[in-house]
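Kindly generate the complete structure, drawing on both the sequences and the hints.
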Amino acid sequence: MCLGVPAKVIEMEEQRALVDVMGSRMYVGIFFVPEVRIDDYVLLHAGQAITVVDEEYAKESIEEWRNVLDGKHGSFFRSGLNS
Amino acid sequence: MANMDLFSDPVLTRESVEAVIDLAKRFKEEKGRIPVFMEVCGSHTMALAKTGIKARLKDYVQLIAGPGCPVCVTDQKSIDAMVQLSEEPNTILCTFGDMMRVPGSKSTLMKAKTEGKDIRVVYSPLDSVHIAEENPDKEVIFLGIGFETTIPILALTVREAARKDLNNYSIWMATKLVEPVLRALLSSEEVKLDGFLLPGHVSVVLGKQSYRYLADEYTISGVITGFEPVELLSGIYKLLVLQLEKRVKIINDYTYVVRDKGNVVAQTLLEEYLEAHDEVWRGMGTISNSGLVLKEQYAQFDAKKKFNILVGEPRVTKCRCGEIVRGLITPEECVLFNKSCTPTHPIGPCMVSTEGTCAAHFQFMREV
Ligand code: SF4
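Top line first, the protein sequences correspond to chains Z and B.
Quick note, the first sequence lines up with residues 1 to 83 if you use our numbering.
Quick note, the second sequence lines up with residues 84 to 451 if you use our numbering.
Since the hints were made in silico from the structure, they are not lab data.
Virtual Cβ for every residue (Gly too), placed ideally from N, Cα, C.
Accuracy of the hints is not assured; some may be wrong.
Below, in silico cross-link-like pairs of lysine-lysine (DSS-like), each with a Cα-Cα straight-line distance of 25 Å or less [said to hold, decoys possible]:
| # | chain 1 | residue 1 | chain 2 | residue 2 |
| --- | --- | --- | --- | --- |
| 1 | B | K332 | Z | K59 |
| 2 | B | K247 | B | K141 |
| 3 | B | K344 | Z | K59 |
| 4 | B | K196 | B | K389 |
Chain B residues, not near chain Z, derived (Cβ > 10 Å throughout) [said to hold, decoys possible]:
| # | residue |
| --- | --- |
| 5 | D210 |
| 6 | L260 |
| 7 | P263 |
| 8 | S271 |
| 9 | D336 |
| 10 | V340 |
| 11 | R342 |
| 12 | V363 |
| 13 | F390 |
| 14 | I392 |
| 15 | E406 |
Printed below as a string of structure tokens:
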């Protein structure tokens, strides 16, 4: 029942939005994400957008992980886990 | 979203696996055993099996599936009641697809459907409200199973049905909550764990702050994790770091969708419509306040109050799903696994559900 693939918001109406998930389009409810805007990515669950994806955090988290791998764990131990 | 692709990048995945194995070896050197982590969420179980991570790490990290598959933790009597509900005249039963083939003691919803009962698989619970609107002379019931990610959507259907003044829509509430079951598992001390991979989507609703009790009261760490290979490995890695540094912490490693406070709109809706209720879990018995039901003022939408369904004691089988959901055994330890129990002929819910541990092992982890 869970979907991990983010959907891109194409059009918005009052209660629903048209989204694109890997090329297929569908309407989803947006009650739980009043902050959503066109071009945002949202995560879907059972026909509802349940959160807006923060692209900046996605970028940061992959960069942080890259650093961990490059630092051969050393830098990670020193920097601590602050997230 | 270009960055998202990196979470499943094969080269980065391979490097991540090596990094995890390095740390796991250090853990073993220090403690003389391999670390044991539990993934709480059924979708994590499936993802760990499907990506091959569980199999690749098996000599270094033990990953135990937890009680996070909603169909699997639903107790047999409750399943029997749902199958029996489909026999009620003049009703349309709506459900998520996973429920259709779950074996009841006497029948399944799929069988009831082939026998002519009106049972419909919906993608969204809200579709069942539309069905109620279009069929005013029928009672439309949604089978409300699920955890905190799904429950707000159930509450939303009640809000919608009330707004449309429908009196032929109700939910058969059989919801489950993560915190009470994790507390029950930890208190039972049946499994010894070094940390949790915390459920990504449940955390979207609850937020990072909701897991403080794990660290504060049970001194156990947890990392909120996404579903792609690199995310799963990063989560496991961080649990290992915490162990090696002898620190206890809740980490949000899924920051791009999970906020500290969770989804406040969803939480507000839950508070408005629902209240805590004792629920019976498969293999665990009744756990106090471990589910949510509709408040008294919304009783008209409560199928358990509308329909009087009585079922006897369930048929006893050799299925060991009750131990699987508690993380006590692996599917291979069940004598029926891959013999009389397969996805085409499931004996228990753990083999039916797309989030079930037995289904995950059958599809992706069988040794051939
Ligand atoms: S293999 Fe089948 S019978 Fe055995 S525990 Fe899993 S679902 Fe139940």
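We went through each hint and held it up to the structure:
Note on K332/B and K59/Z: the hinted pairing holds, with a Cα-Cα distance of about 23 Å set against a maximum of 25 Å. For the hint pairing K247/B with K141/B, the CA-to-CA distance comes to about 53 Å; that exceeds 25 Å, so the pair is violated. Between the alpha carbons of K344/B and K59/Z the distance comes to roughly 21 Å, so the proposed pair stays at or under 25 Å and holds. Restraint check for K196/B and K389/B: the C-alpha separation of about 22 Å stays at or below 25 Å, so the hint holds.
Look at D210/B: its CB is around 7 Å from the nearest CB on chain Z, not clear of 10 Å, so calling it non-interface is violated. Annotated as non-interface, L260/B keeps its C-beta farther than 10 Å from every C-beta of chain Z; the closest such distance is 16 Å. Separation of P263/B from chain Z is adequate, the least Cβ-Cβ distance of about 20 Å exceeding the 10 Å criterion. At the 10 Å boundary, the C-beta of S271/B stays outside the reach of chain Z, the nearest C-beta of that chain being 26 Å off.
Chain Z draws D336/B into its interface by the beta-carbon criterion, the shortest separation being 7 Å against a cut-off of 10 Å. Consistency note on V340/B: stated as away from chain Z, yet its beta-carbon is not over 10 Å from all of that chain's, at 5 Å minimum. Residue placement check: R342/B does not keep its beta carbon more than 10 Å from all beta carbons of chain Z (closest about 8 Å). V363/B, annotated as away from the interface, keeps every beta carbon of chain Z farther than 10 Å; the closest lies near 21 Å.
With a minimum CB-CB distance of about 23 Å to chain Z, F390/B clears the 10 Å threshold, and the non-interface call stands. Every beta carbon of chain Z lies more than 10 Å from that of I392/B, the smallest distance being close to 24 Å; the non-interface claim holds. Consistency note on E406/B: stated as away from chain Z, and its beta-carbon is indeed over 10 Å from all of that chain's, at 23 Å minimum.
When held up to the earlier numbered hints, the structure conflicts with 2, 5, 9, 10, 11 and fits the remainder.
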